[in-house]
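Each chain is listed here by its residues.
2 protein chains.
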Amino acid sequence: MTKAKSGLKIAIAGLGVVGSEVARQLINRHGDLATAAGQSLDIVAVSARDRSADRAFSLDGIDWYDDAAQLAARDDVDIIVEMIGGSEGVALDLARASLSSGKHFVTANKAMIAHHGTELATLAEANNANLMFEAAVAGGIPAVKTLREGLAGNQINRVAGILNGTCNYILSTMETTGRDFDEVLADAQRLGYAEAEPSFDVDGIDAAHKLTILAAIAFGHQPDFNAVSIQGIRDVSSVDFAYANQLGFRIKLVGVAEPGLMPRMQTCLLPLNSQLAKVNGVLNAVEFHGTPVGSVLTVGPGAGGGATSSAVLSDLIDIAAGRGGLAFGKPVSQLADSSAVKNGAGPDKPFYVRLMVVDQPGVLATVTAILQKHDISIEGLLQQGRAPGDVVALVMTTHETPVASLKKALDEMEDLPIVKAKPVAMPILLADSEG
Amino acid sequence: MTKAKSGLKIAIAGLGVVGSEVARQLINRHGDLATAAGQSLDIVAVSARDRSADRAFSLDGIDWYDDAAQLAARDDVDIIVEMIGGSEGVALDLARASLSSGKHFVTANKAMIAHHGTELATLAEANNANLMFEAAVAGGIPAVKTLREGLAGNQINRVAGILNGTCNYILSTMETTGRDFDEVLADAQRLGYAEAEPSFDVDGIDAAHKLTILAAIAFGHQPDFNAVSIQGIRDVSSVDFAYANQLGFRIKLVGVAEPGLMPRMQTCLLPLNSQLAKVNGVLNAVEFHGTPVGSVLTVGPGAGGGATSSAVLSDLIDIAAGRGGLAFGKPVSQLADSSAVKNGAGPDKPFYVRLMVVDQPGVLATVTAILQKHDISIEGLLQQGRAPGDVVALVMTTHETPVASLKKALDEMEDLPIVKAKPVAMPILLADSEG
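As given, the protein sequences belong to chains A and B, one line each in that order.
So in the numbering used here, spot 144 of the first sequence is number 144, and the numbers just go up one at a time.
So in the numbering used here, spot 316 of the second sequence is number 316, and the numbers just go up one at a time.
Source of the hints: derived by calculation from the structure; they are not laboratory data.
In this text, all values refer to a predicted model and were calculated from it rather than measured experimentally.
Take these hints with a grain of salt, some might be off.
It does not matter which identical chain is used: a pair holds within one copy or between any two.
What the hints assert, rightly or not - Simulated pairs of lysine to aspartate or glutamate, DMTMM-like, Cα-Cα distance not exceeding 25 Å: (1) Lys-330 x Asp-78; (2) Lys-330 x Asp-42; (3) Lys-5 x Asp-348; (4) Lys-9 x Asp-203; (5) Lys-422 x Asp-411; (6) Lys-5 x Glu-125; (7) Lys-330 x Asp-32; (8) Lys-5 x Glu-88; (9) Lys-373 x Glu-183; (10) Lys-420 x Asp-180; (11) Lys-9 x Asp-67.
Please put together the full structure from these sequences, using the hints given.
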């Protein structure tokens, strides 16, 4: 059944960390990759900013273009690997041109897929080409393949993931060192774990791009970045880690997608013995809950040249082996539009609440009266240290509570003279399987 | 590009827990699975022992056969799902007949693939059929797909797995309760986590079948069960868990495969903060180390109708979608024979050693002199409690040590009058990534 195949010609747009590593692997491990792919994978053209930059591989025999758009114009190219980035502009133009001309398109560009995935998947189908983006989600973890193929026989009930290594590193470090966000972020920037402009990471946008893609595949709807609720980690205070810990929880930025609900990127508390809570540092992790499988967890490096190029190479091999498949697991015509995703608060959930209150008699009675008024019941309470007249933390966990009720109660509390700062509240994610 | 497809006809051999669950899913979720597969998946025939047994699905419209062999004789069947078990006999006959007649063959039968994988993959290739066994390894974790496709662009450096949920449950429970093996095994049997005849599980055979398959795919050689070193968990004593813990380790049955080395199923110590050490209870886990990806961990349910049927369904969908592929990731003609696997002790490794010695002056000097003689250096030492004249445990961890040296030293120690039981030694697996 092994057909003689003639080899695939590849053009790479963008030779940054990931693009260079993809090129280096394709050149240095040419024979191994040909065996894995069933045919040879040959770089014939590249495009990047600086032709004279030092590189870990030779450009000999490879055509150079200053303009990425020219790659799509070459008739002999079978696959375009886009490593430029950005949801619009050059990358998007290249995607459109490549797919329109029937070239397979492999990308790590999560922003572009989250914003334009439907359009590009439609173009891919119409032109009998593959649109592949394993590298766009959770780096070296084959998360897209696991969901789209490995668990294809399941009805997915939930996807929950730690999707940004920078945030996970910052939160882990804040927890272990007790230091504040700004300080840890500065360290992360020095170590190269965070960008000089960190907003994409710490405000949850990068992770939300990935969540958008996972939700679309999991629940069979068009990817729609605008239908994702996004919260980052800037508001977490170092004191919350210790309180959470005493109550049996760890603070993580987790993306959660459930059928029919708006996917949400949220800073939340996980039980210490849950699988996701054990994933620390720069790692990514995705937990898939499905019927009949139960729960499957994947953990791995979420960024970097090595991890990302692994995902790109697996996409190239899939295309070569004829198993590229449909971008979102089914034809675009069968994907629900994103109005299938309800903009709602979702089911009631337990919450962690921290109030900074004046330590004086009657505080607890006042606070609990407000909670009672809104039908919110307390599950756990921490009131540590005594400093009469000073401001102390009053920490509570609640039983399942409607988000709207909690919000009303917090607003009332904030107005109390004894409450000295905006109340902090984070949802507690309990349904995560324990292991 | 979506071609109209006519549907695939499926015959299921064996309606035990897994076979029944596969049938139930195929019937009850027929529409969803047809969408995922791109064509309908229809059961047309089944074979099992007892036609009149109560089942969670209706056999209406499905042909019944008492003899599984007859399924392969039906011209209209596209795929045979084999859920009978056993490496030889009916299952093997059915596999041969199915593949010879060009029918795709899907199985959870790890023993058969570990023993006869090469023959069956050869038959599959020769007859243009798919041989699929995702369900044979680590249950609901798509471990075969992750290795064969998701990480296909990597040079695999190591695969390490917790591949038997029964053993992991027993070890986890021994650790948390301090109870002995026999007692915990009896409990596991009552709870349905262990078979009445537990040997396949607790002696490491079931896990070694899975390791055989993973090693073959990871390193591109023919699967060969006889080229796997196997050790079970019967010799672990409850006292070792506490000692290991004090030294910063946890005891696990781990299968390890590395390039060119005999895959080994071994009871070993893992650092408490390693990813595999955190996988407790009946779960399975597989950790893949590769270049360029680094380390990817997968965790999930390793057994049971739900988990296993998820894997079977994903194989069926892959076949329907035309991405069945080659059983071991490359043509059989390109697989090395198992002589590629050296029967050696592998690289030097650190060890945990426990001696039961008479508590008297000079014991430590005697023991350390033997270690020094064999060039073995001590990394950690525990000598707890004082009971002059009585037998106490002397626990050590060593630096990297050749297995042969350790064995000689242990033999000498065993002969000492002050050593009152056979020394216990377990390797320490350090290279596991931490997270």
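Against the structure, the hints come out as follows:
no.: 1; hint: Lys-330 x Asp-78; result: both (23 Å within a copy, 23 Å between copies)
no.: 2; hint: Lys-330 x Asp-42; result: between (30 Å within a copy, 19 Å between copies)
no.: 3; hint: Lys-5 x Asp-348; result: neither (55 Å within a copy, 44 Å between copies)
no.: 4; hint: Lys-9 x Asp-203; result: neither (39 Å within a copy, 50 Å between copies)
no.: 5; hint: Lys-422 x Asp-411; result: within (9 Å within a copy, 68 Å between copies)
no.: 6; hint: Lys-5 x Glu-125; result: both (23 Å within a copy, 17 Å between copies)
no.: 7; hint: Lys-330 x Asp-32; result: between (31 Å within a copy, 11 Å between copies)
no.: 8; hint: Lys-5 x Glu-88; result: neither (35 Å within a copy, 37 Å between copies)
no.: 9; hint: Lys-373 x Glu-183; result: neither (40 Å within a copy, 52 Å between copies)
no.: 10; hint: Lys-420 x Asp-180; result: within (20 Å within a copy, 55 Å between copies)
no.: 11; hint: Lys-9 x Asp-67; result: within (18 Å within a copy, 51 Å between copies)
Of the numbered hints given earlier, the model fails hints 3, 4, 8, 9; all others are met.
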